[in-house]
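This is what each chain is made of:
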Amino acid sequence: MSVQQTTRPLGTEPPLPGRRLEITEPFQLDSGVDLAPFTIAYQTYGRLNADRSNAVLVCHALTGDQYVVDPHPLTGQPGWWSKLAGPGKVLDTDRYFLICANVLGGCMGTSGPKDVNPATGETWGLSFPVITIGDMVRAQKLLIDHLGIETLFCVIGGSMGGMQVLQWAASFPERVFAAVPIASTARHSAQNIAFHEVGRQAIMADPEWCAGAYLESDRRPARGLAVARMAAHITYLSERALHRKFGRNLQNRQAVTYGFDADFQVESYLRHQGITFVDRFDANSYLYITRACDYFDLAAEHGGILANAFRGSKTRFCIISFTSDWLYPTSENRAVVHALNAAAANVSFVEIETDKGHDAFLLEEPEFFATLRGFLAGCAEHRGLAFA
Amino acid sequence: MSPEGIDRVPRGPAPRGDIRSDLRLIAEMVTPGSRVLDIGCGDGALLAYLGRDKQVDGRGMELSQSGVNACVSHGLSVIQGDADHDLDEYPSDAFDYVILSQTLQATRNPRQVIDNLVRIGRHAIVSFPNMGHWRIRLRLLFHGRMPKTALLSHDWYDTPNIHLCTIKDFVSLCSATGIVIERSLTLDRAGQPFALDPMSGLANLLAEQGLFVLRRGD
Numbered sequence: 000m001s002v003q004q005t006t007r008p009l010g011t012e013p014p015l016p017g018r019r020l021e022i023t024e025p026f027q028l029d030s031g032v033d034l035a036p037f038t039i040a041y042q043t044y045g046r047l048n049a050d051r052s053n054a055v056l057v058c059h060a061l062t063g064d065q066y067v068v069d070p071h072p073l074t075g076q077p078g079w080w081s082k083l084a085g086p087g088k089v090l091d092t093d094r095y096f097l098i099c100a101n102v103l104g105g106c107m108g109t110s111g112p113k114d115v116n117p118a119t120g121e122t123w124g125l126s127f128p129v130i131t132i133g134d135m136v137r138a139q140k141l142l143i144d145h146l147g148i149e150t151l152f153c154v155i156g157g158s159m160g161g162m163q164v165l166q167w168a169a170s171f172p173e174r175v176f177a178a179v180p181i182a183s184t185a186r187h188s189a190q191n192i193a194f195h196e197v198g199r200q201a202i203m204a205d206p207e208w209c210a211g212a213y214l215e216s217d218r219r220p221a222r223g224l225a226v227a228r229m230a231a232h233i234t235y236l237s238e239r240a241l242h243r244k245f246g247r248n249l250q251n252r253q254a255v256t257y258g259f260d261a262d263f264q265v266e267s268y269l270r271h272q273g274i275t276f277v278d279r280f281d282a283n284s285y286l287y288i289t290r291a292c293d294y295f296d297l298a299a300e301h302g303g304i305l306a307n308a309f310r311g312s313k314t315r316f317c318i319i320s321f322t323s324d325w326l327y328p329t330s331e332n333r334a335v336v337h338a339l340n341a342a343a344a345n346v347s348f349v350e351i352e353t354d355k356g357h358d359a360f361l362l363e364e365p366e367f368f369a370t371l372r373g374f375l376a377g378c379a380e381h382r383g384l385a386f387a
Numbered sequence: 000m001s002p003e004g005i006d007r008v009p010r011g012p013a014p015r016g017d018i019r020s021d022l023r024l025i026a027e028m029v030t031p032g033s034r035v036l037d038i039g040c041g042d043g044a045l046l047a048y049l050g051r052d053k054q055v056d057g058r059g060m061e062l063s064q065s066g067v068n069a070c071v072s073h074g075l076s077v078i079q080g081d082a083d084h085d086l087d088e089y090p091s092d093a094f095d096y097v098i099l100s101q102t103l104q105a106t107r108n109p110r111q112v113i114d115n116l117v118r119i120g121r122h123a124i125v126s127f128p129n130m131g132h133w134r135i136r137l138r139l140l141f142h143g144r145m146p147k148t149a150l151l152s153h154d155w156y157d158t159p160n161i162h163l164c165t166i167k168d169f170v171s172l173c174s175a176t177g178i179v180i181e182r183s184l185t186l187d188r189a190g191q192p193f194a195l196d197p198m199s200g201l202a203n204l205l206a207e208q209g210l211f212v213l214r215r216g217d
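Going down the list, the protein sequences come from chains A and B.
If you're matching positions, the first sequence starts at 0 in numbering that gives the first Met the number 0 and goes up one per residue.
If you're matching positions, the second sequence starts at 0 in numbering that gives the first Met the number 0 and goes up one per residue.
One should not assume that every hint holds.
[Stated by the list, open to error] Computed footprint of chain A on chain B, listed as stretches where at least three residues anywhere in the stretch have a Cβ under 8 Å from a Cβ of chain A:
1) 63-72
2) 75-84
[As the list claims (entries may be wrong)] Here are a few chain A residues that face chain B, going by a calculated C-beta distance under 10 Å:
3) A343
4) E380
5) H381
Treat the hints as calculated values from the structure; they're not laboratory data.
Glycine included, every Cβ here is placed at the ideal spot set by N, Cα and C.
Just chain A, same shape as in the assembly (with noise of 0.2 Å):
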């Protein structure tokens, strides 16, 4: 496989579009650590209204970023969610003041192991301390405390931006008026873990890592990044639509060649998929990010009792699953759901039919749209939300 490095100097990338807040007072991480200062990278559409009511906060999944409506600074794709959100959009931003913010450990310019450790004035690398889903809500908390919002109208986020929703409901259920946990779950499984440490191992098996310290040394383990993105998406994708796809079609050729070169368009798609993949993101915020996903267990942070998380919680949730995910099948949505049950709460929950697999979320379904749209026009009602 050839994978095109693309190395810049250090120093040399150009700012990121955007908003920044920097954090002085010391932030005491799940680990232990104290990190101080940092920075957190967010960007906001639409506006904030009068009472301060109409906030909806969107936690981004493992590779995501900030760009939700707006075009990808590095790449100059689509914002990720841009189907669903922007003007006239189901997350309406006529009506609804975004907020979405770079995670903790991230390369979208919150701070993460590429940035500089302003003590040592060296780069992070592996000196970043390990970060956890609550380590990354609690730091959106301080961009939403600095904003001065007292309740989100609604916390949504698919894949790893759900487990950060169902922290935020866990943590603090009196400032999300509702939940929109997308394709996720309350706890990583064996297999979850399974998959990311492959990820991690491939990054860490290319030569070019250094152990971590590439970015001083101006190399990239871009192979290694680029498998694992590789290996990762196919967990994103069905069977099905793997099928339906590319089938056993060859790439560009009337035959097989008896060789290693891309034979299969399959083959093809998932090389692109790699290779473009290390242009926009940091190998050594894979292996955080992957990890915080692995900590993941919001039961055992409430003795074992996943119900206990959401005890007299207030919050409407709205659970989305889709058939074809089997990354974060419909039955780790459910547990959530009955768990939400045994605590009373006020719970939605759909599964919607698809063969996209766990990508569904990022794309545009009409149900899933639908069943959304709805949820938000309803919360809103409750919500007293007037819209023009």
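Given the structure of chain A, go ahead and fit chain B onto it with the hints provided.
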């Protein structure tokens, strides 16, 4: 979040303007402002009606994706699930009323479902088609074929209705399991109540549906 900010009344457009007459009878049994779980809530017609006209804090459960989507997209709190698998987690006395309308006969384990209904709700409202109706008895007697009626319109080989009973059967199950029948009604085909003693043999012959309000025994 201010508690008074939650008024719990879905004011979105109801899936249907009016509701079936048997659902209206059920609605009349529900105390305004109470907490209600409607199992097998379909498109949410009853929930929407209860929310709008009785200020009920309603939740629903429905098996079909189209039904759930219709409900949620109308602002109702409904989960995709079924009475056999998704009731165990609810705490006892979580609701004032649990409603199971024309669904009992399609459950896998009706006895366990009824036990769950009276556990989860202070009151359970259950309606079901009466297999003791004379038309059904005659059809079996004279035609020798599995009966089909307006309420039970499937052929035997593709019917979801796998646990059919008569009104007498139902009453006897309640008495065997110590469940208290607080109120009972018998209905004709149009869902209009009969002026008959629901416990009588005549009711078991003439009624097309039974409608019972239950609570667990002391």
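Non-conforming hints, listed in increasing numerical order: none
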